[in-house]
Amino acid sequence: MDPVSQVSGRAYPWGAKNVDTDVIIPAHWLKTTSRKGLGRGAFETVRAEPGNLFDDPRYAGAPVLVAGENFGCGSSREHAAWALADMGVKAVIAPSFSDIFSGNAFKNGIVPVVLPQEAIDRLVEVAKTDEITVDLETMTVTTAYQDRFPFELDPFRRECLMRGLDEVGITLARDTAISNYEAGVAAARPWMLAGNGHEGVAVEGSGRT
Amino acid sequence: MANPKTLYEKIWDAHVVERRDDGTCLVYIDRHLVHEVTSPQAFDALRANGRGVRRPDLTLAVPDHNLPTTARVDAAGHVLPIADPESANQLAALRSNTAEFGIRYIDATAPEQGIVHVIGPEQGFTLPGTTLVCGDSHTSAHGALGALAFGIGTSEVEHVLATQTLLLRQSKTMEVRVDGSLGYGVSPKDVILAIIGRIGAAGGTGYVIEFTGEVIRAMSVEGRLTVSNMSIEGGARAGLIAPDDTTFAYLRDRPMAPKGADWDQAVAWWRSLASDPGAAYDRTVTLDATYIAPSLTWGTSPEDVVAITGIVPDPESFADPSKRVAAQKSLDYMGLAAGTAMQDIPIEHVFIGSCTNSRIEDLRAAAAVVEGRHVADRIRQALVVPGSGLVKRQAEAEGLDRIFKEAGFQWREPGCSMCLAMNPDKVPAGERCASTSNRNFVGRQGPGSRTHLVSPAMAAAAAVTGKLTDVRELMASKS
Ligand code: SF4
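Sequences listed follow chains V and L, in order.
Taking the numbering used here, the leading residue of the first sequence gets 1, the next gets one more, and so forth.
Taking the numbering used here, the leading residue of the second sequence gets 1001, the next gets one more, and so forth.
A few of these clues could be false.
Unchecked claim - Across the chosen pairs, the derived CB separations fall in these ranges: (1) L/Ala1249 <-> V/Arg163: 45 to 55 Å; (2) L/Gln1170 <-> V/Thr129: 16 to 26 Å; (3) L/Ser1096 <-> V/Glu182: 23 to 33 Å.
Since the hints were derived computationally from the structure, they do not count as laboratory data.
Ideal Cβ placement from N, Cα and C applies to all residues, glycine included.
Please work from the sequences and hints to get the whole structure.
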């Protein structure tokens, strides 16, 4: 993942509440086995409406999206984050995010910025004409009009974003700690191993490679 | 007690491998369910980085989302091809990925196949006190058995496959207590709809909910699964219900559950998990079940809940201006006018299924309403889709399939079906469906589809009258 320290540019002034992941990327796009190309399906139902925001040339390729409360609610599909990334969105600013979506966003280099509703209302206005800057170094959202909205980010996630870290790699380095934990459980709660179950439950192949 | 803890805190503490200085914890995952839609990119990433699956023995895979619900084998027992090449490709990828990495796999044609959240509990793969994840938001369902269970994205699927852990921060806790007892014709689905109507679609964000109170204690495991399933519709990534004798009776002798002395040891530990008296929650919400009527949704967010005896609300009646705008958009999409009685709304489709309501009790409740009646003429599609092959067999053994088929329902093979528009079962644009699923989002059941979330009995009632109906009236006229 590429490191992110600042996202600056035009912003979709949307402000809609409860934007669910079925709206961000409808289910029929989920049949892919790739992470690429999902931008074509992003906001398909919104784009079906004439005069919609996402086909407005003023915002074409905007790296910021300003939305309302509970952004990314619904399904856990990471395809929503892949679709946003594919259409060039690198930061979403909203009063709140669904827990699963914000995790998915971080893992794909998209910054989910939480700001109060008053700030959202202001940014929706500014975004109609001007650019918005999200800065991870100073943890602020700023505009050309002296607006300055501070925000917070989980320190670990901020570090992963700013250094472009791979979480799986970080955790694999903790192999000994995980093995020790497993040994402890095997001794204290041996029944935690899953039983084999019915014959219809097939196991092929050799496992750990 | 020195330091009373909640159920959530006990499970959390038992699974922390390491705590980082920044407060993030490395948390062990005991059970991982995998399906075809959210896993291919995770397996590809493992391959690309030369990584293996740490614990294939704690991982179980099954196809469900994409799979057509029509017959899977012909009369001669040959497996029928899947028409949509993209779906076929994704299903083949699950099969080859699980074979390559040595993961247990239930094939589409196996009798145990079903919706991932139905088969986990049914096989005894889901156990109290475990951490369980799946690349699917309705993993919250498994919390009904006292497992800390939540949905994850594909990058996290990869993380769990490679390390059997996740990097997480501890959540806040919310107690949702449902006191009293359920009224006539009121089901667990109505309870969870009422809860979401109360807390809102974002009310549980950042929290793990624990459902408590007499009504929850009195529910069967099937009913509890319906409630916990929809925790995510209230914004909570996980819901929990303390394991008790009802849970243990349900799990005993399940194929993957512990046996013999292991079972006794497990039950002893599970009993110790219930929240301690005096344990503190960050927030508590209480509902009196006496006031819960058979309920349904009118709009395009699961928080848009109303009693069946109610009316379509006037957007102007909402205090919050953004809610007013959202409500008007919902009504436009749903093709409804404010003030219309819910019971005057005609429907064209009925879907009884999904991980919320496709277990045996759900099918029994629907069949009890349908028996001796017929689907109304205006209904274009009425589907019953059992949650698993085992549920289907059980229902057939009880003769429920016959009741549905004689009434004009289609009796299908297990899968997600019309819950999401990803397989051939869809609601056409502009048409209306009474659905026992969990999401009424714009386009969820197909582009332009209109969804009203209801209980199985309410869906059955709507099917026979051709409109949204108070099931209590049909129940009364029968006895
Ligand atoms: S039945 Fe619906 S909600 Fe449940 S897993 Fe399938 S698609 Fe998701």
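Results for each hint:
Roughly 51 Å separates the CB atoms of L/Ala1249 and V/Arg163, a value that falls within the hinted 45 to 55 Å. Distance hint for L/Gln1170 and V/Thr129: a CB-CB separation of about 42 Å, inconsistent with the stated range 16 to 26 Å. The beta-carbon spacing between L/Ser1096 and V/Glu182, approximately 28 Å, falls within the hinted interval of 23 to 33 Å.
Checked against the numbered hints above, the structure violates only hint 2.
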